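Trainee: Here is what each chain is made of, one letter per residue.
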Amino acid sequence: MTYLRSLLQYLYDNRFLYSAYTATWVIHIAYLGTLVRRYGRLRNEIEELKQK
Amino acid sequence: MKRLFPVFGVLTALLLSYALYEALVAAPTERTMGDVQRIFYYHVPSAWTAFILFFVNFVASIVYLARRNPKADIVALVTAEVGVVFCSVVLVTGPIWARPVWGIWWTWDLRLTLTLVLWLIYVSYLVLRKFSSSGQTPLLAAVLAVLGALDVPLVYFSIWFFRTQHPQPVIGGGGSIDPRMLHVLLINWLAFSCFAFLVCWSRYRLEVLQREVEETQALEALMEPRGSR
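Chains as they are written, first to last, in numbering that gives the first Met the number 0: chain A, 0 to 51; chain B, 0 to 228.
Derived by calculation from the structure, the hints in this document are not laboratory data.
Don't take each hint at face value.
Calculated Cβ distances over 10 Å to all of chain B for the following chain A residues [what the hints assert, rightly or not]: (1) 0; (2) 1; (3) 2; (4) 3; (5) 4; (6) 5; (7) 6; (8) 7; (9) 8; (10) 11.
The following label-pair restraints were derived from C-beta to C-beta distances [claimed, not checked]: (11) B:176 with A:43: 43 to 53 Å; (12) B:130 with A:24: 25 to 35 Å; (13) A:3 with B:208: 43 to 53 Å; (14) A:3 with B:196: 37 to 47 Å; (15) B:210 with A:35: 12 to 22 Å; (16) B:210 with A:3: 52 to 62 Å; (17) A:48 with B:125: 18 to 28 Å; (18) A:10 with B:210: 41 to 51 Å; (19) B:119 with A:0: 43 to 53 Å; (20) A:43 with B:5: 15 to 25 Å; (21) A:7 with B:99: 16 to 26 Å; (22) B:210 with A:18: 37 to 47 Å; (23) A:0 with B:131: 52 to 62 Å.
Quantities reported herein were computed from a predicted structural model and do not represent experimental measurements.
Every residue gets a Cβ at the ideal spot worked out from N, C-alpha and C, and that includes glycine.
All chains should be built: construct the whole structure from the sequences, respecting the hints.
Mentor: Following this line, the structure appears as C-alpha cells:
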C-alpha cells in the first residue's frame, strides 16, 4: 500500500513529464493506426480486383 | 529492400527503447527545472526531424516542378505527412513543458507562433492533396510546399535574431549544454530519425500501391463494355 502510494505520488510529481512522453507515443501510434487501416482497405480492393 | 524492413524495424525499436531509458534514467537531472526538463529529449529531436522532413519535401517539390517525376511527388506527400506528425508532437510537448516552467501553456511568442503557422501550412498542403480532384493538384501542392518551406528557416532562426521567451538553441547558439545531456539528445534524435525514415518508407510503399490500384481500377472501368455499367 505504501509502495503504491509512493508510486502514485511519484507519477503525480512528474505528471508533466509522463504526459509529454505519453502524448508523443499516442500521436505516433494513432498515425501508424491510420496507415494500417489504409493498408487493410487497399488489400481488400486488391482482392476485389483479383476476383474480377 | 523488402527484407531489410523488419531488420531495420527491430533495430529502430531497440534504439527507441535505449533512447527512452537514456532520457528518463541515464540523463542527469537539470538543476533548476528538475525532471520536467527531460521533455526536451522528445521535444527537440521531434522538431529537428520535422525540419528535415519539410526540407526533403521542399527538395522533392522542386524536383517535381522541374521534371514532373511522380516518384518525387510521392516523396513530397510522404515527408509532408510524417513531418506534420512530428510537428504535432512539438506543438503538444512544448506547452506541456511550458506549463510548469513558464506558468502558462502557450504564449504568442515569435517562435511558437511561427511553428504553429508552419504546422498550419503543411496541414493545408495535406488538405489540398486530399480534397482537390483536379489533375493539377500535385503541381499546386508543389508550389505551396516550396512557399511553405520558407517558414522553416524563419522558425529555426527566430530565436537567434529576435528576443523570444523560447530557450536559446543548445547547439551553435547562445545556450550551453552538459555533454551527457547532449549525448542523450543526439541518441534520441538518431532514434526518432530512424523511426521517421521507417514510417516514410512504409507510407511510400503504401502510396505506390494505392496509385497502382487506382490505375488498375481506372483501366478496368475503361475496358468494361458500356452496356454493363
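Trainee: Of the numbered hints stated previously, which ones are contradicted by the structure, given in increasing order?
Mentor: none
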